[in-house]
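Keeping their order, the protein sequence lines are chains E and X. Counting from 1 along the first sequence, just add 356 to a position and that's the residue number in the numbering used here. Counting from 1 along the second sequence, just add 356 to a position and that's the residue number in the numbering used here.
In case anyone wonders, no lab produced these hints; they're calculated from the structure. Careful, some of the hints might be misleading.
Pairs count within a copy or across copies, as identical chains cannot be separated in the list.
Claimed, not checked - As a list, the in silico DSSO-like pairs of lysine-lysine whose alpha-carbon atoms are at most 30 Å apart:
| id | residue 1 | residue 2 |
| --- | --- | --- |
| 1 | Lys-375 | Lys-461 |
| 2 | Lys-461 | Lys-522 |
| 3 | Lys-391 | Lys-461 |
| 4 | Lys-391 | Lys-375 |
| 5 | Lys-522 | Lys-375 |
| 6 | Lys-375 | Lys-528 |
As a plain string of letters, each chain reads:
Number of protein chains: 2
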Amino acid sequence: MELFIERGFEQTTVAEIAKRAGLTERTFFRYFADKREVLFAGAGTLQEFFVSTVASAPDSAAPIDAVAAALEAAGALLQERHEYARQRQAVIAAHAELQERELIKLASLASALAGALRRRGVTEPAASLAAEAGIAVFRIAFERWINETGQADLPQLIRDSLDQLKTVTAGKLGRELPVRVPGRLRVPGRRRPGRESRRRRWPPRPAAAA
Amino acid sequence: MELFIERGFEQTTVAEIAKRAGLTERTFFRYFADKREVLFAGAGTLQEFFVSTVASAPDSAAPIDAVAAALEAAGALLQERHEYARQRQAVIAAHAELQERELIKLASLASALAGALRRRGVTEPAASLAAEAGIAVFRIAFERWINETGQADLPQLIRDSLDQLKTVTAGKLGRELPVRVPGRLRVPGRRRPGRESRRRRWPPRPAAAA
Numbered sequence: 357m358e359l360f361i362e363r364g365f366e367q368t369t370v371a372e373i374a375k376r377a378g379l380t381e382r383t384f385f386r387y388f389a390d391k392r393e394v395l396f397a398g399a400g401t402l403q404e405f406f407v408s409t410v411a412s413a414p415d416s417a418a419p420i421d422a423v424a425a426a427l428e429a430a431g432a433l434l435q436e437r438h439e440y441a442r443q444r445q446a447v448i449a450a451h452a453e454l455q456e457r458e459l460i461k462l463a464s465l466a467s468a469l470a471g472a473l474r475r476r477g478v479t480e481p482a483a484s485l486a487a488e489a490g491i492a493v494f495r496i497a498f499e500r501w502i503n504e505t506g507q508a509d510l511p512q513l514i515r516d517s518l519d520q521l522k523t524v525t526a527g528k529l530g531r532e533l534p535v536r537v538p539g540r541l542r543v544p545g546r547r548r549p550g551r552e553s554r555r556r557r558w559p560p561r562p563a564a565a566a
Numbered sequence: 357m358e359l360f361i362e363r364g365f366e367q368t369t370v371a372e373i374a375k376r377a378g379l380t381e382r383t384f385f386r387y388f389a390d391k392r393e394v395l396f397a398g399a400g401t402l403q404e405f406f407v408s409t410v411a412s413a414p415d416s417a418a419p420i421d422a423v424a425a426a427l428e429a430a431g432a433l434l435q436e437r438h439e440y441a442r443q444r445q446a447v448i449a450a451h452a453e454l455q456e457r458e459l460i461k462l463a464s465l466a467s468a469l470a471g472a473l474r475r476r477g478v479t480e481p482a483a484s485l486a487a488e489a490g491i492a493v494f495r496i497a498f499e500r501w502i503n504e505t506g507q508a509d510l511p512q513l514i515r516d517s518l519d520q521l522k523t524v525t526a527g528k529l530g531r532e533l534p535v536r537v538p539g540r541l542r543v544p545g546r547r548r549p550g551r552e553s554r555r556r557r558w559p560p561r562p563a564a565a566a
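The shape of chain E in the complex, shown without the other chains (with noise of 0.2 Å):
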């Protein structure tokens, strides 16, 4: 991290990281494929983690629970390392490749998460869908604690992301104040439409979006 952080990361080859670290390229090549690899190398700690907190969740546990407990146990792990959360980010955030490489990390813990849920009997699409609601809720979490000055509680941050996706697809604004309060601003006098009516222009329907 050091490395790319100082010469960046293209510029950073393998074998300057192997004699930062006084290891011999030979044993660099042991533990990662690549120099990409040194930034996911903790995927599969993540992973493992989310997995078993899922697995040990007590069978009376609804799934967005077990979801949640993942989440915020990780979120503990991760809240020790905001320093080094933060450089990472800085080096991914700068190159394509690695956005991608963190799509395909993203994927895969969702997939994990969704496989931990089914061998608890949650059937699908229910597992599949609280797995990747519960990957969304940790990306959008961990990127407000990423650019947070000071000392932001991801666990935190993690609950309130929860609570607001609950909120959203409840149905609710989620925003301060409504634009416009429905029927409030008509013209006296003009006809107001029906809720019939207006449902028939909006939302589309299939047909007339064929």
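Put chain X on the given structure of chain E with help from the hints.
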């Protein structure tokens, strides 16, 4: 698509694609950066469709309803092209580099959807969460649609998938039968842990996990 299916994606050249389509290679490259992009040509249209449907939702629509309308309308559009979608998915499933490109496409769609919600006055992180959850719903419904034999109804699968997400985030079990009802199997005479002490063991608290 014919060539990708007949000869395989890797074996197909741009020269062959241009010839089959009755175009010069030069004309091909005016539209596509490479042969991979042929498979992602629809992404821009899909994105514009998402964004314009969200923008045209009434002010009173909750973010999740604006997203749902966009997903359903896009589903109705894709519904007409089941065979093409199926063939495309088979080609993508066989190549890691195409799966990565698909992940990038989905991330861009989510980001465009979140932007469209913010322009409606939806605040962050609600906008990103609604968008990410929406794309997860879409992807999972799409996969079911691709894998189902016969005339599956994609807009209906999208509605079902969104309903499932709502059920899951509301904390429902998402499985046919609970594996064990808490407290029912307790050994008589043995002290049953109180609510507080059970809470302390699970979910794992940040301090224990770090």
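* To do: Run the structure past the numbered hints and jot down the numbers of the failing ones, going up.
  => Violated hints (numbers, rising): 5 and 6; every other hint is consistent with the structure.
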